[in-house]
Amino acid sequence: MGVRVQAEPFDFGAEAAAFGRGLPDVGAIVTFSGIVRADGGAMSEMVIEHYPGMTERALGAIRAEAIARFGLAEALVIHRFGPMRPGDQIMMVATAARHRADAFAAAEFLMDYLKSRAPFWKKETRPDGTDWVAARDEDEAALRRW
Amino acid sequence: MGVRVQAEPFDFGAEAAAFGRGLPDVGAIVTFSGIVRADGGAMSEMVIEHYPGMTERALGAIRAEAIARFGLAEALVIHRFGPMRPGDQIMMVATAARHRADAFAAAEFLMDYLKSRAPFWKKETRPDGTDWVAARDEDEAALRRW
Amino acid sequence: MTTIEVLYFAWLRERIGAGRERIETAAPDVRALVAQLSAMDDRHAAAFADLAAVRVALDQDLADLDAPLAGVREVAFFPPMTGG
Amino acid sequence: MTTIEVLYFAWLRERIGAGRERIETAAPDVRALVAQLSAMDDRHAAAFADLAAVRVALDQDLADLDAPLAGVREVAFFPPMTGG
Numbered sequence: 001m002g003v004r005v006q007a008e009p010f011d012f013g014a015e016a017a018a019f020g021r022g023l024p025d026v027g028a029i030v031t032f033s034g035i036v037r038a039d040g041g042a043m044s045e046m047v048i049e050h051y052p053g054m055t056e057r058a059l060g061a062i063r064a065e066a067i068a069r070f071g072l073a074e075a076l077v078i079h080r081f082g083p084m085r086p087g088d089q090i091m092m093v094a095t096a097a098r099h100r101a102d103a104f105a106a107a108e109f110l111m112d113y114l115k116s117r118a119p120f121w122k123k124e125t126r127p128d129g130t131d132w133v134a135a136r137d138e139d140e141a142a143l144r145r146w
Numbered sequence: 147m148g149v150r151v152q153a154e155p156f157d158f159g160a161e162a163a164a165f166g167r168g169l170p171d172v173g174a175i176v177t178f179s180g181i182v183r184a185d186g187g188a189m190s191e192m193v194i195e196h197y198p199g200m201t202e203r204a205l206g207a208i209r210a211e212a213i214a215r216f217g218l219a220e221a222l223v224i225h226r227f228g229p230m231r232p233g234d235q236i237m238m239v240a241t242a243a244r245h246r247a248d249a250f251a252a253a254e255f256l257m258d259y260l261k262s263r264a265p266f267w268k269k270e271t272r273p274d275g276t277d278w279v280a281a282r283d284e285d286e287a288a289l290r291r292w
Numbered sequence: 293m294t295t296i297e298v299l300y301f302a303w304l305r306e307r308i309g310a311g312r313e314r315i316e317t318a319a320p321d322v323r324a325l326v327a328q329l330s331a332m333d334d335r336h337a338a339a340f341a342d343l344a345a346v347r348v349a350l351d352q353d354l355a356d357l358d359a360p361l362a363g364v365r366e367v368a369f370f371p372p373m374t375g376g
Numbered sequence: 377m378t379t380i381e382v383l384y385f386a387w388l389r390e391r392i393g394a395g396r397e398r399i400e401t402a403a404p405d406v407r408a409l410v411a412q413l414s415a416m417d418d419r420h421a422a423a424f425a426d427l428a429a430v431r432v433a434l435d436q437d438l439a440d441l442d443a444p445l446a447g448v449r450e451v452a453f454f455p456p457m458t459g460g
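Protein chains in written order, with this note's numbering: chain A, 1 to 146; chain B, 147 to 292; chain C, 293 to 376; chain D, 377 to 460.
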């Protein structure tokens, strides 16, 4: 239940609230949610492609590593694929730990690995056409801190 | 509207969802929520005392500094006072930015400053009695990274 | 001599037995005010026995023990903060 | 000779014009398979023209271009990932 890959929108507030319920001896919960930016109106649509099967496998491994490394009580990853519009939620992660330092570090770790190691690809439609988003050097560099 | 200090419980999921709505060109939202730990049943009640007036003033200044320093589109701080039980939400922060690095850094900055510079004091009831929580050296040390 | 409001929080409030009192003082700085308060009775003396554990705010801004009191109307004493 | 499933994603899929194909190969490693695929036609050649921009997964685990293909049933080629 800790990894979901889906085309459907999800309710960030409801997911965040449900995630925190009934976790024993948890003092800190961190969530991250990624939203489609309009970039000042320059972006009209985004489509996310993924690799069914490998996506779940990769996210599951990243989640397990985060739980082990930061001693988490729980961790959740939800990531959508398919067409999306500015303002839509793309994805979220949530982490629960005894103390805030572990919950924050684990959420950043999940995001850094998910960005560069889970098989998702974004394609954007802008006034000058439709193209695949290029990977950013700083996303790859972010992995080196772990 | 970015700082609330209250005795009443708040709905973390509803607050998190409302925070993210209608923010233009925001790609990343981070939330932190602090929860009363039971510490394996050793803690039965917590009471938080605060300094009315100064609390709002201190939190407002910390929030303004976070917005300026990390270029946030929005930031929210909610902190309760009064009696609480294990599992209750004590407080939350939320940050919204274009990119995830700023949203994460700002949430950690808010938490580090709030912990040691906003006038709240926790008192815990345990089997051996009731006492004030001692400040932790690492909380003071955490401020030095900013 | 001026009149200031002195506030106490957490265990300082409990040791002194009051959250607030009005004090007539000519103290030029916080340290002199603490000396005046400590001399009032055993409760105040106990509250200020370990100054390393005491923090101070002047008119709701954090300050240190050597800060001057000129123009200040509200002084608060409390232990290190433990919110979040 | 063995039969493997070859998958393409994002712009590799678009350049090749298919998301999946079944390939008979004796290639010992990924690099040899890429050479075989590139020789098939212009579309494949275009897709693999810049290998620095191509990532590979073997049976759904990330691998590199020198990884051996022994026992592998599914090979996927795609650009650097851009999720999150």
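Hints in this document: simulated from the structure, not taken from any laboratory. Even for Gly, the Cβ is constructed at its ideal location relative to N, Cα and C. Mixed in with the good hints, there may be bad ones.
[To be verified] So, partial list: chain B residues that the calculated Cβ filter (under 7 Å) puts toward chain A:
1) Val151
2) Gln152
3) Pro155
4) Phe156
5) Phe158
6) Ala160
7) Ala163
8) Gly173
9) Ile175
10) Val176
11) Thr177
12) Ile181
13) Ala184
[Unchecked claim] Counterexamples of contact, computed for chain B against chain A with all Cβ distances above 10 Å:
14) Ala164
15) Gly186
16) Glu220
17) Gly228
18) Asp274
19) Asp283
Results for each hint:
1. Val151: Given a least distance of 20 Å, the restraint on Val151 (chain B) is violated.
2. Gln152: It is violated, given that the least Cβ distance between Gln152 (chain B) and chain A is near 18 Å, above 7 Å.
3. Pro155: violated (12 Å)
4. Phe156: violated (11 Å)
5. Phe158: Nearest chain A Cβ about 6 Å off; hint holds.
6. Ala160: holds (6 Å)
7. Ala163: Since chain A brings a Cβ to about 3 Å from Ala163 (chain B), closer than 7 Å, the hint holds.
8. Gly173: holds (4 Å)
9. Ile175: Hint on Ile175 (chain B): holds, closest Cβ of chain A at ~5 Å, below 7 Å.
10. Val176: With Cβ-Cβ at 5 Å, under 7 Å, it holds.
11. Thr177: holds (5 Å)
12. Ile181: holds (6 Å)
13. Ala184: holds (6 Å)
14. Ala164: Since the minimum Cβ distance to chain A is about 8 Å, Ala164 (chain B) lies within 10 Å and the statement is violated.
15. Gly186: violated (6 Å)
16. Glu220: At about 12 Å from chain A, Glu220 (chain B) clears the 10 Å cut-off, so the statement holds.
17. Gly228: holds (18 Å)
18. Asp274: The claim holds: Asp274 (chain B) sits with its nearest Cβ about 19 Å from chain A, beyond 10 Å.
19. Asp283: Given that every Cβ of chain A is farther than 10 Å from that of Asp283 (chain B), nearest at about 14 Å, it holds.
In this structure, the hints that do not hold are numbers 1, 2, 3, 4, 14 and 15, in rising order.
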